[in-house]
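Chemist: Respectively, the protein sequence lines represent chains W and R. Position one of the first sequence corresponds to residue 80 (my numbering), numbered consecutively onward. Position one of the second sequence corresponds to residue 80 (my numbering), numbered consecutively onward.
Possibly wrong hints are sitting among the right ones.
Given that identical chains are not distinguished, each listed pair holds provided it fits within a single copy or across any two copies.
Said to hold, decoys possible - No farther apart than 27 Å at their CA atoms in a straight line, the calculated lysine-lysine pairs in the DSSO-like style are these: (1) Lys-162 / Lys-474; (2) Lys-99 / Lys-474; (3) Lys-233 / Lys-393; (4) Lys-378 / Lys-254; (5) Lys-475 / Lys-346; (6) Lys-99 / Lys-389.
No lab work stands behind these hints: they were computed from the structure. Just so it is clear, the structure is predicted and the values come from calculations on it, not from any experiment.
There are 2 protein chains.
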Amino acid sequence: MPERDIEDLVVRPAQVFRDKQGINLLTGHCAENIDSGKQTVSGVTLEGDPFELPYDRLLIATGSSAVLPDLAGFDLPGVMVVKTLEDGRKIKSYLKNNRVKKTIIIGMGYIALEMCESLVGLNIEVDMVKPNPVFMPWLEPSMAQAVRQGLVAKGVGVYAGHPVERIKRSGDGLKVICPDLTLTADMVLVGIGVKPCSRIAETAGLSIGVQKSIAVDRNLRTSDKNIYAAGDCADAYHVVTAEKTWIPLALRANRSGWAVADNVCGKDVSLEGVAGTAVFRVLDFEVARTGLSLSEAEKSGFEPVENMIKSGSKAHAYPGNTIIMVNMIGDKRSGRLLGAQMVGTEGVAHRINAPAVALHSRMTVAQYCQTDLAYAPPFGPTWDPTLTAANQLLKKL
Amino acid sequence: MPERDIEDLVVRPAQVFRDKQGINLLTGHCAENIDSGKQTVSGVTLEGDPFELPYDRLLIATGSSAVLPDLAGFDLPGVMVVKTLEDGRKIKSYLKNNRVKKTIIIGMGYIALEMCESLVGLNIEVDMVKPNPVFMPWLEPSMAQAVRQGLVAKGVGVYAGHPVERIKRSGDGLKVICPDLTLTADMVLVGIGVKPCSRIAETAGLSIGVQKSIAVDRNLRTSDKNIYAAGDCADAYHVVTAEKTWIPLALRANRSGWAVADNVCGKDVSLEGVAGTAVFRVLDFEVARTGLSLSEAEKSGFEPVENMIKSGSKAHAYPGNTIIMVNMIGDKRSGRLLGAQMVGTEGVAHRINAPAVALHSRMTVAQYCQTDLAYAPPFGPTWDPTLTAANQLLKKL
């Protein structure tokens, strides 16, 4: 893989906003208060000067921030979160300036696992630790087990069930201390999730939604008709449950930004919602999901049944055919498809999108079984693995 | 790629049918007539002995056969069709026993292009020839042009617009003769399509459908209530047009066999229909389609609009990011999504299934634009290429 510069990730530098798009981009201004009566935003600059700006329509796009536990040692040099581009620069610089041979990752979510992949790719030894004893709790257990075994086979230490109590400096390195476990490394990455940056909205008295995200309607309007919120700071409707949810992922964030721009300019753009579709790669595995997990479906009042199948990623006699595991979740009462999950070494990432579209259409499992999906020997068996999964699930409904 | 034996393709040998499944498998029996009043099938064995078999329910699963034009020289040694496993054995044996350095493929459809890929992989020079001057006429022109250029760049001769008049022997080789072109090679493959084997059904007076396939209802029943037809010999409903169509592809064939088995055994299994989803690989390219092409949509009475976009196959800064071309077709009157086509060097094959599911759900383009598809940098841009295509098409509707 060719060396890439982290700055390649910047799509649109500040200069473009200012010079080419004519946007009055005020960086270094900390917005602190919204006066929704006067329609102003006020705060202080980094130099300590107060400012106040009037608005006709306001968009809150404050995003989310990395969760950092309030425990001893999380502020030590070498302990870093993974959220912003600046975090990435810090990690790269730390790796360059310290001979990092081993890293501890606190957390085992998407981002933590993606960081694990990157570090193993740099030949850095990785231990992962988290309090919940269940590895990837949203995933069907045998699939989660397959991913966990894959990590362990590559030498990654997976310590699920160990709450971290503190981090301390120890010689040249760092010690991550749990009640019954102490791990040692040269660097610690904290990837235990994000929280919405909704303080300014809360202070302004706007309605707050799921997990303290800013409550918005399908047009991204907050409880104040002149104020919109979009991106990771705002909540959304889930297309399966029709309830509010907070799933801070890139597509929804990007899409809601465009929708606000349209709505502010007088168009009426309403967003249907999210299906919770996600994919990530960790070492040999592609892991994907859409919709609800079994336990999420139970909590949402469905009568869910799940069924996991193993299928080939290609035609049975085609070279390079590998195993794909597909779990599908359906509702016993309505027959509706509620979710799907997939684990495999290839051919997983784009396959999740077909069940994702089915969720948007509120398809039943029986209807999904009828879909005409593509077949050619290099790309799959005659029956796409998601069809085999749906066919088998149908027998249980 | 490891050498594979052609016999690996056999999923279930005759022995298994006879011994393990207890099926009275009468090979070497040519069924010639159906007496639907008496409920018998009669014919002669390969040894010339007549036979007659009674039935309660009859399934016609005669498949399709390769089209071979009635022209001089198509019966010469070294001129072969590509349809059955036996055809494959003959081609492999011919390649082994003759030093084939060059092959002419007559036809430029899926099978012809897949054969081109296989032969180029064996370092055999390939020329392709067909009467229609338009290369891949169902594909958006600039996408067809990209595939054509890819073939030419690999040294494949693409002679579209040349009707073949005859083939003749010439020294050690074969000459394929067109009015204004003569091509020379060691082997000729004829891949100009297949036709349904419906003679026995026609003789029995059963209704014949599209392109002489056997007309069946959604339960795979022919015009005689005791006779079913399934597989390449039978027609199907198209989920976009709701009209009958004949698209002989593997999934529909397999699925209709299962449905007949269920229906004969007393279950009521009705098949919704096909979306015409297909994918194939040719050299560097993956080519996929679902639903109607622009001209098919016009012929079916829609007011179709198409729009082609180019997108990345991965996130913009991710190593290995390549171009994917996506064409989407929508109906100006209803806003419905009518079809999608994709060409790229990776990440095409499984991506077509999301629009395919959307066709089954009769989604509008605007509804497709709302779908929550998976994103991670190794697998695609934030907006899946099919979403970018739908967003752009929506502006034209």
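Chemist: Does each hint hold? Answer for all of them.
Modeler: Hints versus structure:
| no. | hint | verdict |
| --- | --- | --- |
| 1 | Lys-162 / Lys-474 | neither (43 Å within a copy, 35 Å between copies) |
| 2 | Lys-99 / Lys-474 | between (59 Å within a copy, 24 Å between copies) |
| 3 | Lys-233 / Lys-393 | both (25 Å within a copy, 25 Å between copies) |
| 4 | Lys-378 / Lys-254 | neither (38 Å within a copy, 71 Å between copies) |
| 5 | Lys-475 / Lys-346 | between (45 Å within a copy, 16 Å between copies) |
| 6 | Lys-99 / Lys-389 | between (52 Å within a copy, 24 Å between copies) |
Hint check: violations occur at hints 1, 4; the rest are consistent with the structure.
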